[in-house]
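Protein chains in written order, with the working numbering: chain A, -8 to 155; chain B, 7 to 125; chain C, 16 to 126.
Calculated directly from the structure, the hints in this document are not laboratory data. By construction, the Cβ of each residue, glycine as well, lies at the ideal position given by its N, Cα and C atoms. Warning: the hint list may mix true and false statements.
Where chain A lies over chain C, by a calculated footprint (3+ residues, C-beta under 8 Å) [as the list claims (entries may be wrong)]:
hint : segment
1    : 37 to 45
2    : 53 to 60
3    : 72 to 82
4    : 101 to 113
Calculated pairs, BS3-like style, for lysine-lysine (alpha carbon to alpha carbon, straight line, at most 25 Å) [unchecked claim]:
hint : chain 1 : residue 1 : chain 2 : residue 2
5    : C       : Lys122    : B       : Lys116
6    : C       : Lys115    : A       : Lys137
7    : A       : Lys120    : C       : Lys120
8    : C       : Lys120    : A       : Lys87
9    : C       : Lys107    : B       : Lys116
10   : A       : Lys65     : A       : Lys89
11   : A       : Lys137    : A       : Lys120
12   : A       : Lys87     : C       : Lys115
13   : A       : Lys148    : A       : Lys137
14   : C       : Lys107    : A       : Lys148
15   : C       : Lys122    : A       : Lys87
16   : A       : Lys(-7)   : A       : Lys87
17   : A       : Lys120    : C       : Lys107
18   : A       : Lys137    : C       : Lys120
19   : A       : Lys120    : A       : Lys131
20   : A       : Lys78     : C       : Lys122
21   : A       : Lys78     : B       : Lys8
22   : A       : Lys89     : A       : Lys131
23   : A       : Lys65     : A       : Lys78
24   : C       : Lys115    : A       : Lys78
25   : A       : Lys148    : A       : Lys93
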Amino acid sequence: MKSRLVLFIVGFIVWSLLTWPLDFQHLVAGLAVAALVAFITGDLFSRRPYYFGHITRYIWFCYYVPVFLWECLKANIDVALRVLNPKLPINPGIVKVKTTLKSDAGLTFLANSITLTPGTLCVDIDAEKGILYIHWIDVKTQDTDKATELIVRPFEKVLKKIFE
Amino acid sequence: MKNLRWLMGFSFLAASLLFIILYPIPSLLSWQSGFLVHCFFILMLCFAMCLFRIMAGPTPADRAVAIDTLGILIVGFCAILSVSTERDWYLDIAIAWALQSFIGALALAKYLEGRGFDE
Amino acid sequence: MNSLQHTAGIIFIVIGLGFDVFGCIGLIRLPDVYNRLQATTKCVTLGTCSILLGAFVLKGLGATGVKAMLAAVFLLLTSPVAAHALARGAHKSGVKLWSKSVVDKYKQDGN
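Hey, can you work out the whole structure from these sequences and the hints?
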């Protein structure tokens, strides 16, 4: 039931952003549509909906967004320099890293962050063992623990506070 | 020899980009939207590269990657179109196109993996 | 529309176009599917988000700006998922890594 309420609020916010200059008729139609969607697919949305009530998670999320955007910008400049270099300095390979995150949302956000940061692309996830296979454009180490230290650590600390 | 070829290609690319960007400087200074029209030519260059990869890609996976990239580029195209023509419904097209492109990429990935669509 | 807003919007759009071009050059130059996915999914996604941010700066908090930011958030959420699915599908369909690749732990683990 709580999951349906959260989906209703999120859907209503997205609807009112899509029809932005706020209007009474649009808001009424949005209420109807969001209620219908929440009634049909609400129980699939979140497994632990009480997490949406914790204030500290939102504060850590606000800390996470600038970190993520800064890493994303560095990744773009890195890739642009590699592509424009005539010698094409790449050294690719697929390495294995470990993670301690368990929840689905946490693993999804970790994989997305890894994909958008410098030189790494998530290829597959083994959720039970907590293993991620990462395609790395410039392999610095083939050891699992060192690669974990280099790739996963900066995000895992923050994501653990948000999603676990 | 390889360096020379690379240098020629890069100088041609830089010259065309600089021409496209710098040519409408007078219209940029007079606050017209003529500059944005010239941005389309750069995006056309990107589309041409993606189409080349779709045509020449050695494996089906290359073609799928190029199709996904083309979908993201069209969202940017719609954004510039919306700014330069002052019509906001082009961004509705952009959002719908992004959704369709995402679902299409997922379907192509399922096809590459060799599984049915209902698993 | 004042001139500072106009200049900032144009600068964002030009940066985004530059990253788009670099990503597409990567699509042409890099040797195998996984490297091409790296270049396109990073450069083209942030380039397009920069163009959308430029549209937001140019148009302000109207219908265009809010829809542009919604499209940018949507792209940032969906594009890595599509890249992940395509990489996994390519590996399962038997596309080899580049001949000079260093290591393939995924294949060693029997997937």
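Does Lys87(A) lie within 25 Å of Lys122(C) when you go C-alpha to C-alpha? holds (11 Å)
Quick check: do three or more residues in the segment 37 to 45 of chain C have a beta carbon closer than 8 Å to a beta carbon of chain A? Holds, because 6 residues of the segment 37 to 45 of chain C bring their Cβ atoms closer than 8 Å to Cβ atoms of chain A.
Is Lys137(A) within 25 Å of Lys120(A), Cα to Cα? holds (18 Å)
Coverage of the segment 53 to 60 of chain C by chain A, judged on three or more residues with CB within 8 Å: Check passed, 6 qualifying residues.
Next pair to validate is Lys115(C) with Lys137(A); report whether the Cα-Cα distance is within 25 Å. Between Lys115(C) and Lys137(A) the Cα gap is close to 22 Å, so the pair holds against 25 Å.
Restraint check for Lys107(C) with Lys116(B), where alpha carbons must lie at most 25 Å apart: With a Cα-Cα distance of about 10 Å, the restraint between Lys107(C) and Lys116(B) holds, given a limit of 25 Å.
Hinted pair Lys122(C) and Lys116(B), Cα distance within 25 Å: OK: Lys122(C) and Lys116(B) at ~19 Å, within 25 Å.
Check the hint pairing Lys87(A) with Lys115(C) against an upper bound of 25 Å on the C-alpha distance. holds (19 Å)
Are the Cα positions of Lys148(A) and Lys93(A) separated by 25 Å at most? holds (13 Å)
Hint check: Lys120(A) vs Lys120(C), CA-CA at most 25 Å. Holds or violated? holds (15 Å)
Starting from Lys78(A), check that the Cα of Lys122(C) is at most 25 Å away, please. The hint is violated at about 28 Å.
25 Å Cα cutoff - pair Lys120(A), Lys131(A): Within the cut-off at roughly 24 Å; holds.
The structure shown violates the earlier hints numbered 14, 16, 20.
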